[in-house]
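Asks: Read top to bottom, the protein sequences are chains A and B. Start counting the first sequence at 82; every next residue gets the next number (our numbering). Start counting the second sequence at 4; every next residue gets the next number (our numbering).
The set of hints was computed from the structure by calculation and includes no laboratory data. Note that the structure is a prediction, hence the values are computed from the model and not measured. Cβ coordinates follow ideal geometry from the N, Cα and C atoms, glycine included.
Derived SDA-like pairs (lysine to any residue); straight-line CA-CA distance at most 20 Å:
1. B/Lys434 - B/Pro421
2. B/Lys434 - A/Ala121
3. B/Lys434 - A/Ala119
4. B/Lys492 - B/Gly300
5. B/Lys434 - A/Asp114
6. B/Lys434 - A/Gly111
7. B/Lys116 - B/Leu72
8. B/Lys434 - A/Val115
9. B/Lys116 - B/Gly73
10. B/Lys434 - A/Thr118
11. B/Lys116 - B/Gly90
12. B/Lys434 - A/Gln112
Short, incomplete list of chain B residues facing chain A, as computed with Cβ under 10 Å:
13. Val104
14. Tyr107
15. Thr198
16. Tyr313
17. Arg341
18. Asp344
19. Ser360
20. Arg368
21. Met371
22. Gly373
23. Thr374
24. Tyr386
25. Ile447
26. Ala472
A partial selection of chain B residues facing chain A, derived with a Cβ cut-off under 7 Å:
27. Tyr199
28. Gly200
29. Arg337
30. Gln390
31. Val392
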Amino acid sequence: MSAITPDEVAHLARLARLDLADDELAHLAGQLDVILTAVAEVADVAAADVPPTSHPLPLVNVTRPDEVGDCLTPSEALAMAPAAEDDRFRVPRILDEEA
Amino acid sequence: MSDLTRRSAAELAGALADGDVSAAEVTQAHLERIAAVDDTVHAFLHVDGDGALATARDVDARRSAGERLGPLAGVPVAVKDVLTTTGMPTTCGSRILDGWVPPYDATLVTRLKQADLVLLGKTNMDEFAMGSSTENSAFGPTRNPWDPTRIPGGSGGGSSAALAAFEAPLAIGTDTGGSIRQPAAVTGTVGVKPTYGGVSRYGLVAFSSSLDQAGPAARTVLDTALLHQVIAGHDPRDSTSIDAAVPDVVAAARAGAEPDGVRGLRIGVVRELGGEGYQPGVQARFADAVAQLVERGADVVELSCPSFTYALPAYYLIAPSECSSNLARFDGMRYGLRVDDDGDLSAEQVMGRTRGSGFGAEVKRRIMIGTYALSSGYYDAYYGQAQKVRTLISRDVALAFEHVDVLVSPTTPTTAFPLGERVDDPLAMYKADLCTIPANLAGIAAGSFPCGLADEDGLPVGFHVMAPAMADDRLYRVGAALEAAQSEKYGGPLSAIVPDLVRA
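Let the sequences and hints guide you as you build the complete structure.
Replies: This is how it looks when you write it as structure tokens:
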């Protein structure tokens, strides 16, 4: 039984913002199918009355006093940016051309 | 002075404290060793020779001025390249972070610096810690010092190989499904994954946040405990950090080495983690180790953790799901790689191209699996079910620890496999983590300790010990007892007989 089709793989790649070449997509499709088929056995074990565990520890809200602490300077934050301008990250256009 | 690299961290610390040797000499010896063997081993992605020597000289100056220093002051350490370091690149073994120098230190790194350890550099790893062989590094694989045609384990193969090749006496790893313990096993070294929350994750580049845990590695049990003591403890910058006293792991490592160190300790052999699929030499050395612990007074029973059978599939849903979310931050906007920003393409197009060319095959596989498992329509069948399996595993573990003090198994089903053998066979690669994953899912403490060489290939075998959350000291007690028994056979820790790379 096939868990995933090549079209679905292409759709997933778009959702995950991964531009993949056609040969890469085809190779991945086969591997993802094998992996997903193997891991699908989790469906066999846990019954509906088993609560899910998202974390090994009971999580608690951790707060601190609302006081200014150490933080990065603009030049430290921008030091490794791919592009910067006027103390800001410079990014490619964010709207589609037709927008 | 090349013999300095053969000494344990505890021995070096003693010699430094006594003034028999300077930190600069110890550091220089390790840098020379790296220069001599790392072309073959490729344990390091970055070596900070100048920085290390400057730190060492500073430690020497302060020591001679009479300053009281910590127990590991002046001892060199290698740090996995997934922890942020100011002044040194942090790449996570990925092209997408090639050359990135972080603007802050991980808390763990800060603690190493505050304890005056000498940071030699950053060690190689599978990209974003995803893998069991270090072959997924974008910068080429690390080789196993026992046999350079074989893998050093992963994802922390750089750290384990640096130890086995005597390039560093101490190393830091991180462990999401076995990335400290499996490399330790296949290189004949010691590696411990502390209790989840025992060591701060602040500055540890996240792969799977509910599983990731940094921890210590070394060639001896005591050295590992000494390093554990330095890095463990509460950190207000990590909301999952445990606010409680660190178990006295150093005292446990010393006590465990005594002749009656494990007398009366109840040890449970996990039935599900052995038998079919396990290499004969791994099974034989594991059985020997259990017998040695019995000789030293431990009580051994076999018990069953039936849900462990489903740990591997649950892990390969939970970890990719969390990774697909965590790695969304690599978008080419604020740091790291950006490709094809030609003024015409949109941010979204640039993002897709950057991630498509910046991530390697395994990272892409896992992002895709995670994206699938979290999709509406599939969430309940995959991620939701995996979370329920996680509950069952925690219940198995809790029940087992009502009857025994520690659980044991082989660390990994085989010895080091040849480079290339599993690189395009994800399921075969994933099986290397069969025994180590349950501890991550349950959040408990676990470690791997050398237990001899397999007869069929002469390669190291690891003995895996699991202890309840915040009972990390028990790992060291068992590990030290095993090390003492093994030393009678091999004339020292197992690493004492690793083949010499320079001669070979």
